[in-house]
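Going down the list, the sequences are from chains A and B.
Under our numbering, the residues of the first sequence are numbered 155 to 285, in order.
Under our numbering, the residues of the second sequence are numbered 42 to 157, in order.
Any given hint could be a false lead.
[Said to hold, decoys possible] Examples of chain B residues lying across from chain A (beta carbon under 10 Å, computed):
#1 W66
#2 R70
#3 L75
#4 V90
#5 L93
[Stated by the list, open to error] Short derived list, chain B residues pointing at chain A, Cβ under 8 Å:
#6 R59
#7 P67
#8 V74
#9 V77
#10 A79
#11 P103
#12 V106
#13 T110
#14 V145
#15 V147
[Claimed, not checked] Pairs of lysine to aspartate or glutamate, EDC-like flavour, derived with a Cα cap of 20 Å:
#16 K249/A / E259/A
#17 K283/A / D96/B
#18 K230/A / D96/B
#19 K236/A / E274/A
These are computed hints drawn from the structure, not numbers from a lab.
C-beta: ideal position from N, C-alpha, C; glycine also.
Each chain, letter by letter, is given below.
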Amino acid sequence: MLSLFRITDVSAHCDLPCGVYDPAQARIEAESIKAIIAKVADNPDPDFRMRATIIKEQRSELVKHHLWVLWTDYFKAPHFEKYPQLHTLFNEATKLAGAAGTKGEFDAGKADELLGKIDEIARVFAETKAA
Amino acid sequence: MSPWRSVLSRLPRPALVRVRGRSMWPTYREGDVLLVIAGAPPRAGRAAVVRLPRDGAGRARPLSVKRLTRPDPERPGHWWVGSDNSVEGVSSLDVGTLTSEDVVAVVACRVRRGLG
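Chain B extracted, bound-state conformation (with noise of 0.2 Å):
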């Protein structure tokens, strides 16, 4: 990879996602399609594309969309993780605080609602 291509892949840049499941309800809802910026800087109060880490069992979990509720006082440079549907949805009560790079995308806005 040219140093050009690493610079560029860290600049942030917009992206396309659509919601599955109804874990971020009533904010976002099944189908919805988000404009991302990936590689933004994670703020506390927006929603963010994030890497969860694997389940018990050691499988992968696919990439969320989640609600990053604030940084974690304990662990400089983490971020507490929730679910807008306060009934549905892995939070870091299940999974922990996540880190910055784990953060793949900030959410900018919705540019489809779903039929769902």
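Looking at chain A on its own, in the form it has when it is part of the complex (with noise of 0.2 Å):
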């Protein structure tokens, strides 16, 4: 109930609560990484590693977002009740694809460790939608 004695939360927020989430858009991001990454070793050409390199940077963030959003807007208080490992999970994942992880660096290894915690918190997503 509104009130002169008590101000109310009203909301404009950005996002258009739709309601649906995927981990597979974080994943096709790391992918695309993980490709860029196995092409830039096979070109030497210096033009093609810049455009790499930027790509690469652009996707880099591109995850982070993706999964930022899944921490943020989908996983409510009662997942991470259930699944304690989900906050370090999601702070590995973003992490590894920052500045020391795909963002910064190009290797292949980083990549692969990337899509190993998109999939870790893949699966607890699955699990959350099954329950």
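Since each chain comes alone in its own frame, lean on the hints to assemble the complex.
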């Protein structure tokens, strides 16, 4: 109930809470990153490598974005209680997509690790969807 | 509830709300406190506190601040709502038009500027 004596929060939120979430979004970007790393390894052309670097940074940023959306919008407090590893998982995954991971390096191992973390998140996601 | 109380609860009365989010930017920004008149008749062009219909998954949406763009020409007593921030926010394109009862309050003025 609105009142003059208590300030009520009213939402002016950017999200259309459409309720459509899927870790596949992050996975597709991470697969792009892995493929870019492989292509660069076989191509000495400096222009190509420059483009690959830029695109790899953008894709890494998108991985982080998609994971953050899941973390903040999809998963709710009861999920974090039931899956206490989730916070760490998101933290590690987004770090792997950052400057010390796929964004800053051309390390196929980091890309594989990132895909592994996304798959772990996807498993939890699937369980919460089935519940 | 006494009859007096039910009459009083329908009279326009002032209330305070705080804006959360960016969909009414640049008019209102995160943290702005607004003086609103609950129960005031909706008017085209005014910002208002509205109840939005449930989302696709059946979850309730929070009480929201929106712009009453214009009356729905096809459904008398219904209002077309939108966001001032053209790139963000839910509008009647997403949720359809709202009944006058869902327009809970009309914004009178801002009383405090948010820091955000």
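Hints, verified against the model:
no.: 1; hint: W66; verdict: holds, 8 Å
no.: 2; hint: R70; verdict: holds, 9 Å
no.: 3; hint: L75; verdict: holds, 8 Å
no.: 4; hint: V90; verdict: holds, 5 Å
no.: 5; hint: L93; verdict: holds, 9 Å
no.: 6; hint: R59; verdict: holds, 5 Å
no.: 7; hint: P67; verdict: violated, 12 Å
no.: 8; hint: V74; verdict: holds, 6 Å
no.: 9; hint: V77; verdict: holds, 7 Å
no.: 10; hint: A79; verdict: holds, 5 Å
no.: 11; hint: P103; verdict: holds, 4 Å
no.: 12; hint: V106; verdict: holds, 5 Å
no.: 13; hint: T110; verdict: violated, 15 Å
no.: 14; hint: V145; verdict: holds, 7 Å
no.: 15; hint: V147; verdict: violated, 11 Å
no.: 16; hint: K249/A / E259/A; verdict: holds, 12 Å
no.: 17; hint: K283/A / D96/B; verdict: holds, 17 Å
no.: 18; hint: K230/A / D96/B; verdict: holds, 17 Å
no.: 19; hint: K236/A / E274/A; verdict: holds, 15 Å
Hint compliance for this structure: hints 7, 13, 15 are not met, and every other hint is.
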